[in-house]
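Protein chains in written order, with our numbering: chain D, 1 to 156; chain L, 157 to 269; chain W, 270 to 534.
Calculated directly from the structure, the hints in this document are not laboratory data. Every residue, glycine too, gets a C-beta built ideally from N, C-alpha and C. Please note that the accuracy of each hint is not assured.
[Stated by the list, open to error] Listed below are the simulated DSS-like cross-link pairs for lysine-lysine, each with C-alpha atoms no more than 25 Å apart in a straight line:
no.: 1; chain 1: W; residue 1: Lys376; chain 2: W; residue 2: Lys363
no.: 2; chain 1: W; residue 1: Lys447; chain 2: W; residue 2: Lys498
no.: 3; chain 1: L; residue 1: Lys229; chain 2: L; residue 2: Lys252
no.: 4; chain 1: L; residue 1: Lys250; chain 2: W; residue 2: Lys447
no.: 5; chain 1: W; residue 1: Lys447; chain 2: W; residue 2: Lys461
no.: 6; chain 1: L; residue 1: Lys252; chain 2: W; residue 2: Lys461
[Claimed, not checked] Reference excerpt, derived from the structure (chain W facing chain L, CB under 8 Å, subset only):
no.: 7; residue: Arg273
no.: 8; residue: Tyr274
no.: 9; residue: Ser392
no.: 10; residue: Gln396
no.: 11; residue: Asp419
no.: 12; residue: Gly449
no.: 13; residue: Trp486
no.: 14; residue: Ser490
no.: 15; residue: Gln525
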Amino acid sequence: MPITIRLPRDLYQGVLADLRRPHAHAAERIGFIYGRFVPGDQPLVVMTRYVPVPDEQYVVDDTVGARINGDAIRAAMQGVLDTREGVFHTHLHEWPGTPWFSRTDDEELPRLIPAFRAVGPTQATGLFLLSPDSAIADVWLPGAQGPERVVRISIV
Amino acid sequence: MSFSPEEARELADTFPGTERAEEAGVTYFRIPDVTLPDGCSPSPTTLLLCPSHRGGYEYRLFFSERVNTPVAKNWNGSIHILGRTWHAFSWQAKEKVTLTQMVARLLRALSCP
Amino acid sequence: MSERYSRQGFLGEAGQRAIETARVCINGLGGGGSIVAPELAHLGVQNFVLYDPDHGDESNLNRTMTLTEADVTAGTLKIEAARRRILEINPRAKIEVHSCRWQDRPKALDGSTLVMGCVDSFSERQQIEACCRRLLVPYIDIGMDVHAGDPPAMSGQIILSAPGGPCMFCMHFLTEAKIGREVANYGAAGGKPQVVWANGVLASTAVGIAVNILTGWAKGSPPIYLQYKGNGGTLEPHIRLGYLAPGPCPHYPLDQAGEPAFVKV
Chain D
1 MPITIRLPRD LYQGVLADLR RPHAHAAERI GFIYGRFVPG DQPLVVMTRY VPVPDEQYVV
61 DDTVGARING DAIRAAMQGV LDTREGVFHT HLHEWPGTPW FSRTDDEELP RLIPAFRAVG
121 PTQATGLFLL SPDSAIADVW LPGAQGPERV VRISIV
Chain L
157 MSFSPEEARE LADTFPGTER AEEAGVTYFR IPDVTLPDGC SPSPTTLLLC PSHRGGYEYR
217 LFFSERVNTP VAKNWNGSIH ILGRTWHAFS WQAKEKVTLT QMVARLLRAL SCP
Chain W
270 MSERYSRQGF LGEAGQRAIE TARVCINGLG GGGSIVAPEL AHLGVQNFVL YDPDHGDESN
330 LNRTMTLTEA DVTAGTLKIE AARRRILEIN PRAKIEVHSC RWQDRPKALD GSTLVMGCVD
390 SFSERQQIEA CCRRLLVPYI DIGMDVHAGD PPAMSGQIIL SAPGGPCMFC MHFLTEAKIG
450 REVANYGAAG GKPQVVWANG VLASTAVGIA VNILTGWAKG SPPIYLQYKG NGGTLEPHIR
510 LGYLAPGPCP HYPLDQAGEP AFVKV
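Just chain D, same shape as in the assembly (with noise of 0.2 Å):
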């Protein structure tokens, strides 16, 4: 089924601005973005609010862009549960054109699903990658036994 994201433009901005800050000691910024799933034969999920990760909550971690501790993970899990929604992991690649996720990206990623999702069970869950002029997702819809790379992001 093919999977749309709907990303409202100040959101949009918001989010680019954001993960374009400079930080201490991490090459990349990380942030969550919230959504909320509209079930049917073209299931979409309309993106409602992000939340950067405050800058002490990174790892230092010079083999990465960026790494994440605990407490991250655990306040976008509470975010989950406090309003609902689902959450993606987002952050930013910032060569033009279209993205495409890492070799770190594909491994270590998709392990903080599982913890989303379980809070989470009737919300899609997901990653959200972006470049200056794009962005790709991966979405696991609820029930789903892996992710869909959604068809069709638009900026509304």
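Starting from the known structure of chain D, arrange chains L and W on it as the hints suggest.
Below, chains L and W alone, put in the same frame as chain D:
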């Protein structure tokens, strides 16, 4: 019409499972598994109470399906609210009453000419 | 860019792709919708969802561009006339038609990139706008009226209700009083005055806004509330825009988007 938290609690006590949600600045109450008056079907059914002045009605009760009633009703409200379409018949009531009384009056109106 | 769209090359390859991959829902295929639909087809929109429960009748022939006299005799549905015209322009278009109110089959609206509202009821506008806000779909509304007088006063509007932006309540185009009066007058209203040239201005302007949204070609935000003054033939930003309350739309906050969140009382 505005309502108090006490009225909302009374509604939930009278109709277990009552939930609330907002759309366009209006609060609605969804009430599941309500048994309708004799002669009305399908029953039980789910109701949506709009306790505010909306669409020309001081308050209005919507049904998850059009109800068959012993007396003909003017089902003039097939309206999309909170992500689905609900159905209402035309019944004007202007007295200030509690949320629970709104539901009771409009349910009674199903059987009234 | 193909020869077919070479004259709109200024929209860019990406813009043209956006048009061709968009799924546009048109609610109402009467006077306004019968102009919107073919224009979008000419531009390259491939995917349509059309809603209208009505058959064409004699009184539609003064303005419904997709209907013919033969259609009225045959009782052709307005959506079928629109589908026919779209396919004449582009036989490869995929058109989903619903001969009913959109409320009777709302799920078909879910995958829309844009919704164009061409109906003449305030209540209908309120409902579809609320649905579009929930789905974060931009909604473009058009309508016209002619008020009695000497001379009669012709007016109309094009409104863009975009996620996060002011809604039709914010712009005071929709009010509870208007919706209430409409409900009270139901059945007594009769057909509202409608003419093809005013519909043409409104529909074409709405299509231009739609293209701007899809392609971003004009590099600025599209207008959100244009007032048409038919007597003088002008289109200008509505004066109410100067009185909009600051801040995001309070009627449709983003945290109410998506499936409604019911909370136990």
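Evaluated hints:
Restraint check for lysine 376 of chain W and lysine 363 of chain W: satisfied, since their Cα atoms lie roughly 17 Å apart, inside the 25 Å limit. With a C-alpha separation of about 20 Å, the suggested pairing of lysine 447 of chain W with lysine 498 of chain W holds against the 25 Å cut-off. Straight-line distance between C-alpha atoms of lysine 229 of chain L and lysine 252 of chain L comes to about 23 Å, which keeps the hinted pair within the 25 Å bound. Proposed proximity of lysine 250 of chain L and lysine 447 of chain W is supported: the alpha carbons are some 19 Å apart, at most 25 Å.
Restraint check for lysine 447 of chain W and lysine 461 of chain W: satisfied, since their Cα atoms lie roughly 15 Å apart, inside the 25 Å limit. Between the alpha carbons of lysine 252 of chain L and lysine 461 of chain W the distance comes to roughly 36 Å, so the proposed pair goes past 25 Å and is violated. A least Cβ separation of about 37 Å between arginine 273 of chain W and chain L goes past the 8 Å threshold, and the interface hint is therefore violated. Evaluation of the tyrosine 274 of chain W hint against chain L yields a violated restraint, the C-beta minimum of about 36 Å exceeding 8 Å.
The interface hint given for serine 392 of chain W is met, as the beta carbon of that residue sits about 6 Å from the closest beta carbon of chain L, less than 8 Å. Interface restraint check: glutamine 396 of chain W against chain L, minimum CB-CB distance 4 Å, threshold 8 Å, status holds. The interface hint given for aspartate 419 of chain W is broken, as the beta carbon of that residue sits about 31 Å from the closest beta carbon of chain L, more than 8 Å. Contact between glycine 449 of chain W and chain L, as hinted, is supported at the beta carbon level, the nearest pair being about 4 Å apart and thus within 8 Å.
Nearest Cβ of chain L to the Cβ of tryptophan 486 of chain W: about 32 Å, over the 8 Å cut. The hint is violated. Interface hint status for serine 490 of chain W: violated, as the beta-carbon distance to the closest one in chain L is roughly 23 Å, over 8 Å. Look at glutamine 525 of chain W: its Cβ gets to within about 6 Å of chain L, closer than 8 Å, so that hint holds up.
Of the numbered hints listed earlier, those contradicted by the structure are 6, 7, 8, 11, 13, 14.
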